[in-house]
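There are 2 protein chains.
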Amino acid sequence: MSTDPRAGEAGQYVDSEILQDLLSIRSSIDNIDAALVHLLAERFKATQRVGVLKAKHRLPPADPGREKAQIARLKQLAQDAQLDPDFAEKFLNFIIEEVIRHHQAISETSGGEPDPNAPFDWADHQ
Amino acid sequence: MSTDPRAGEAGQYVDSEILQDLLSIRSSIDNIDAALVHLLAERFKATQRVGVLKAKHRLPPADPGREKAQIARLKQLAQDAQLDPDFAEKFLNFIIEEVIRHHQAISETSGGEPDPNAPFDWADHQ
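Protein chains in written order, with this note's numbering: chain A, 7 to 132; chain B, 7 to 132.
Derived from the structure by calculation, the hints contain no laboratory data. Just to be clear, a hint being listed does not mean it is correct.
Note: identical chains are not told apart, hence a pair may lie in one copy or across any two.
[As the list claims (entries may be wrong)] Below, computed lysine-lysine pairings styled on DSSO-like, alpha-carbon distance capped at 30 Å:
(1) Lys-74 <-> Lys-51
(2) Lys-62 <-> Lys-51
(3) Lys-74 <-> Lys-62
(4) Lys-96 <-> Lys-74
On a predicted model such as this, the values are computed, not experimentally measured, just so you know.
Please construct the entire structure, taking both the sequences and the accompanying hints into account.
Right under this line is the structure:
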């Protein structure tokens, strides 16, 4: 029913009005995704700075108190924004896994070995 | 060295100046996380609308062409923003999994069974 390339497969199944609704929502999703990617890039720049700071000063890395506070705060924010709080927690954990991977790379590159007396493992995401 | 509650464990290990640097970066991370949560909430509102639209019009759900374009676009955006493009792809897939879960719930709630002639499974994330 449509040859609009933005329609994807949906163009074969619906009339023009419904398709316009769909394309309009998809366009919003694309805008949001662009914003998410840029914010994530900025977040990794920030955690990169934390990683360098900690490697330089041989700081103990993970901070359970900070992490707990972050999760509680994000879950509350999610609830206020009508986002599933459990998903917000899963999302934070997903990001943290990536940050840990980055920080391991920083630690290896800088040749900074973890302080054996440090109480936690050498990965900071905070 | 610090009793600032925001310092977490780090307060025990570094002097005040370094701690201030750390707290400043953490504060930026917290701001970014709040923005991410709100954008994610908005994204799920948009995909919820897509889910309802598709359930209502018994549209085929997943759209491989659209998905491929989304991934290529996000990877390019990530590259421009100096974010690992593979991470951007992983991130999109992580979100899509959650959207699929939501859409299955919509489909079950609305009693709308997938059209057996639809070429894809009943989960739209686009």
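Exercise. Is it within, between, both or neither when you check Lys-62 against Lys-51 at 30 Å Cα-Cα?
Worked result: Intra 17 Å, inter 43 Å, cutoff 30 Å: intra-copy only.
Exercise. Are the CA atoms of Lys-96 and Lys-74 at most 30 Å apart within a copy, between copies, both, or neither?
Worked result: Cα proximity of Lys-96 and Lys-74: in one copy and across copies (13 Å, 25 Å).
Exercise. How would you label the pair Lys-74, Lys-62 (within, between, both, or neither) given a Cα cut-off of 30 Å?
Worked result: within (25 Å within a copy, 41 Å between copies)
Exercise. Taking 30 Å as the upper bound on the Cα-Cα distance, should Lys-74 and Lys-51 be classified as within, between, both, or neither?
Worked result: both (22 Å within a copy, 27 Å between copies)
Comparing the model with each earlier hint shows no violations; every hint is respected.
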